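J.: As they're listed, the protein sequences go chains A and B.
639 is the number of the first residue of the first sequence in this note's numbering; add one for each residue after it.
639 is the number of the first residue of the second sequence in this note's numbering; add one for each residue after it.
Keep in mind that the hints were calculated from the coordinates and are not lab data.
All of these numbers come straight from a predicted model, not from anything done at the bench.
It cannot be assumed that every hint is accurate.
[As the list claims (entries may be wrong)] In the DSBU-like style, the derived pairs of lysine-lysine whose C-alpha atoms are separated by at most 35 Å in a straight line are:
1. LYS1041/B to LYS807/A
2. LYS1110/B to LYS1041/B
3. LYS885/B to LYS963/A
4. LYS885/B to LYS856/B
5. LYS1110/B to LYS885/B
6. LYS812/A to LYS921/A
7. LYS1110/B to LYS885/A
8. LYS1110/B to LYS963/A
9. LYS963/B to LYS885/A
[To be verified] Some chain A residues flagged as far from chain B (calculated, every beta-carbon gap over 10 Å):
10. GLY894
11. PHE952
12. PHE978
Glycine included, C-beta positions come from ideal geometry on N, C-alpha and C.
Number of protein chains: 2
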Amino acid sequence: MAAPRAAALGPEPGSSTQTSHRLLAYSDALLSIIATVMILPVAHTKIHPDQKLGESVQQLLLAKIAVYLMTFLIVTVAWAAHVRLFQVIEHIDDVLALLNLACMMIITFLPYTFSLMASFPGIPFGIFLFSVCAVVIGLIQAVIVAYGFYHPHLLNQQIQESENQNFYKRHILKIILRGPVLCFLAAIFSFFFIPLSYVLLGLVIVFPHLTRVITWCKNKVLGRRGEEEEHHSLETFTFYLSEPLSKERVEAFSDGVYAIVATLLILDICEDNVPDPREVEEKFHGSLLEALSEYGPNYLAYFGSFVTIGLLWFVHHSLFLYVTKATRLMGLLNILSLAFIGGLPLAYQLTSEFAEKSHNEIEAIQVSCVITFFASIFQFAIWTTALLNEEETLHPFARYGGKEHAFMFAKLALYPCVSLGAFFLTCLLSEFSTAIFHLMQIVIPFAFLALRIFVRISLTAIKSVMSLSRRKVVLLEEEEACLSPNETLS
Amino acid sequence: MAAPRAAALGPEPGSSTQTSHRLLAYSDALLSIIATVMILPVAHTKIHPDQKLGESVQQLLLAKIAVYLMTFLIVTVAWAAHVRLFQVIEHIDDVLALLNLACMMIITFLPYTFSLMASFPGIPFGIFLFSVCAVVIGLIQAVIVAYGFYHPHLLNQQIQESENQNFYKRHILKIILRGPVLCFLAAIFSFFFIPLSYVLLGLVIVFPHLTRVITWCKNKVLGRRGEEEEHHSLETFTFYLSEPLSKERVEAFSDGVYAIVATLLILDICEDNVPDPREVEEKFHGSLLEALSEYGPNYLAYFGSFVTIGLLWFVHHSLFLYVTKATRLMGLLNILSLAFIGGLPLAYQLTSEFAEKSHNEIEAIQVSCVITFFASIFQFAIWTTALLNEEETLHPFARYGGKEHAFMFAKLALYPCVSLGAFFLTCLLSEFSTAIFHLMQIVIPFAFLALRIFVRISLTAIKSVMSLSRRKVVLLEEEEACLSPNETLS
Chain A
639 MAAPRAAALG PEPGSSTQTS HRLLAYSDAL LSIIATVMIL PVAHTKIHPD
689 QKLGESVQQL LLAKIAVYLM TFLIVTVAWA AHVRLFQVIE HIDDVLALLN
739 LACMMIITFL PYTFSLMASF PGIPFGIFLF SVCAVVIGLI QAVIVAYGFY
789 HPHLLNQQIQ ESENQNFYKR HILKIILRGP VLCFLAAIFS FFFIPLSYVL
839 LGLVIVFPHL TRVITWCKNK VLGRRGEEEE HHSLETFTFY LSEPLSKERV
889 EAFSDGVYAI VATLLILDIC EDNVPDPREV EEKFHGSLLE ALSEYGPNYL
939 AYFGSFVTIG LLWFVHHSLF LYVTKATRLM GLLNILSLAF IGGLPLAYQL
989 TSEFAEKSHN EIEAIQVSCV ITFFASIFQF AIWTTALLNE EETLHPFARY
1039 GGKEHAFMFA KLALYPCVSL GAFFLTCLLS EFSTAIFHLM QIVIPFAFLA
1089 LRIFVRISLT AIKSVMSLSR RKVVLLEEEE ACLSPNETLS
Chain B
639 MAAPRAAALG PEPGSSTQTS HRLLAYSDAL LSIIATVMIL PVAHTKIHPD
689 QKLGESVQQL LLAKIAVYLM TFLIVTVAWA AHVRLFQVIE HIDDVLALLN
739 LACMMIITFL PYTFSLMASF PGIPFGIFLF SVCAVVIGLI QAVIVAYGFY
789 HPHLLNQQIQ ESENQNFYKR HILKIILRGP VLCFLAAIFS FFFIPLSYVL
839 LGLVIVFPHL TRVITWCKNK VLGRRGEEEE HHSLETFTFY LSEPLSKERV
889 EAFSDGVYAI VATLLILDIC EDNVPDPREV EEKFHGSLLE ALSEYGPNYL
939 AYFGSFVTIG LLWFVHHSLF LYVTKATRLM GLLNILSLAF IGGLPLAYQL
989 TSEFAEKSHN EIEAIQVSCV ITFFASIFQF AIWTTALLNE EETLHPFARY
1039 GGKEHAFMFA KLALYPCVSL GAFFLTCLLS EFSTAIFHLM QIVIPFAFLA
1089 LRIFVRISLT AIKSVMSLSR RKVVLLEEEE ACLSPNETLS
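In isolation and in its complexed conformation, chain A is listed as follows (with noise of 0.2 Å):
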């Protein structure tokens, strides 16, 4: 997908057609700024010193964290939407364009609805203004659509020339549409009875997933049959309608979400961190570097916040450079690794927070390790999903017996391994908690730089390991071979 793309840019002669490359970039860059910033209202609520954490954020922060996790999940569902229309409608011209925009600054508003609906939930106004604000992305994108199919040298080569353009047009209304409708009766119910807008809400969320389910279940129930069927006599038209996520655009919305993650808390340093100058001349009598060593921890966090997401990048780098395409479950497993990775520097505010070697402190170091925990292992399992079906989406290399299948495993292996030791070891020795804790994220760094060598020993040990057994084996078959002759003789 990329090549081509790439090799069409600049506009094509004859036309004010444009192709749609950077619009998606920016696009993408809006929607994972967007889809990560509740995260912020939650790392700025203070929790005071003298609470405990796990009261604190039972009762803090649980409202905070569903604002954020719903936000993050609505916006990458409008980004699902935007991927496929914008696979239909390959360029654009200068009225897309603007309608596009339009539409992006309407996603850009959701999170404050949705911070509204936390805040007082028992009023509809929220959640009716979110779902006015849905219904009018649906019906920009509707006119989209609609722009694209009455100029179709805008759209996709595949279905300009087919014959049945209508059941494109038809298919591509309903995956952008079925949202909007939900979230119209969203805002009908709101004035009669808001619980039953909240779980239509919730709908949008699950809906392109559960019927992806369902089908899959009623094709297990009635065999495999029914479901060849009915794929041999749409697949003249499904071909592309079913084509997996662009990885063009999952690798730029990751990139996005990485990129405004790992320098939030940096942020919130420079703003707040700056000691004031008449404080520091009271208080530190004129010494700076006193002054600035009260902030120590804050700087600790936010380095140690850089470096696990710089390497969670990483790793998510080295993963796509093998993958040639993405499936649905793959996209869904990735959000589902962002979205905790948006909640990485909340949890490395949390450990600069606390008093040393108190209970909370151990509570937010252990938060921070299962966080990373649950952003790594996702990652992991984008692999062995991908492995599950590895001919269609993976390189060569790094498929089971590749060049580069042990190394592979090993760097992805690496985040979800040292976090869970690292958890389970401040849970035996919670004395050296801290400790253990900035060990590792020290280590980790070194331990990347020097995998190569270490799979390449562990390969060795393991082949040499194998070739000794094999040889004893060798070695007994052919005594039995020395032997056999002779019992047979004897």
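Given the coordinates of chain A, work out where chain B should sit on it, guided by the hints.
T.: Relative to chain A, chain B alone:
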């Protein structure tokens, strides 16, 4: 540049080499966020409504705006060096990826050192810390260069095949290390004589352009001959090194800046403009709508800045569709344009903070107009610069006399004209300044939609006028021609 890079996606067989495409995209995203981060402290400066904006701007904001501009320019200098570096090293492996991440981590810390400098201009620690960071960045990049030249298969094809690799190595090291060397001197002088350190830092920003201007002036004074000779003797080596900035990366960096700036205000709105449930109960008798209507101007500011930035992105996007190469001067103009765009959210926020028709409000609106004007006039300047060298830098359509020339001109001229017009109108009709400003914001998107039609109408009008006048000329000539034979006869 884009096509081969994209086409070579996926690892090359038989080595751990990877294309640098995604690493660069991620670096661009990080750098663009960091470049614009420091506008946040400016935007969060609370101005008391009773204060006069003129005074408060001068006293309170000046230092922060200076920090923002310095950070922006220094980060773009680092970005330019990064672009140069990865034009030489075209392929990466794991070690280079990790080294690059380490480099990014230290770059993201630079804004904080600037904040320290601005808060404590008399204490050497801030400038010392900054210089140390810059030196470390330089050292890491030098290690990257050394590693790249030690593994020549990572280098650019042309350098790989060249027999004069050492020349390239020295040249790229010179580009990368001149900043850090100046910073090293600044670090030493910071303990003796601080003003000199600041001068040295200023030099880091100006240096690349200064050398350029000096050689240009020298050539002008000494005549062209000197330059040609020099050019000739170095031609075989400098062909590659004087290549303009990679257009792809200019676009990626610009997209990042536009995206983060467009969403900056929603960050604030999501955090600060969600009313407190208790307050709603007490002050507004439970009416959420009434409570929200208090924040009306903030929403207006958000949508206003999003629309303006979105449309400026749209103009930038249209322009770069027709740009085939970005020269250094175009890169500089682009960065200046981006620096003003970073100030837009601040300007729009100011307009929402003051009582209607107060003296402050008119000033805030005028500041917005001025910032918009400069952001858009620099975009216009990019095009003008490109036209000066149109054979190399522009697609034939956008060149003088090309098919899209008039339309591009109209697109680029719309914002400068409108913002300048709005500025003078607010000066003349100060009573209606708000109305004028909002009208401008509402009209412009539709103006862009209708621009193509408008340009066509005016072009045909001009043509018909031209042809009319030409016909008159022709008629006169014919008359003369008719007369002259007679005259000659008579």
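J.: Hint by hint, note whether the structure agrees.
T.: Against the structure, the hints:
| no. | hint | verdict |
| --- | --- | --- |
| 1 | LYS1041/B to LYS807/A | 33 Å, holds |
| 2 | LYS1110/B to LYS1041/B | 27 Å, holds |
| 3 | LYS885/B to LYS963/A | 27 Å, holds |
| 4 | LYS885/B to LYS856/B | 29 Å, holds |
| 5 | LYS1110/B to LYS885/B | 48 Å, violated |
| 6 | LYS812/A to LYS921/A | 65 Å, violated |
| 7 | LYS1110/B to LYS885/A | 62 Å, violated |
| 8 | LYS1110/B to LYS963/A | 66 Å, violated |
| 9 | LYS963/B to LYS885/A | 27 Å, holds |
| 10 | GLY894 | 6 Å, violated |
| 11 | PHE952 | 6 Å, violated |
| 12 | PHE978 | 19 Å, holds |
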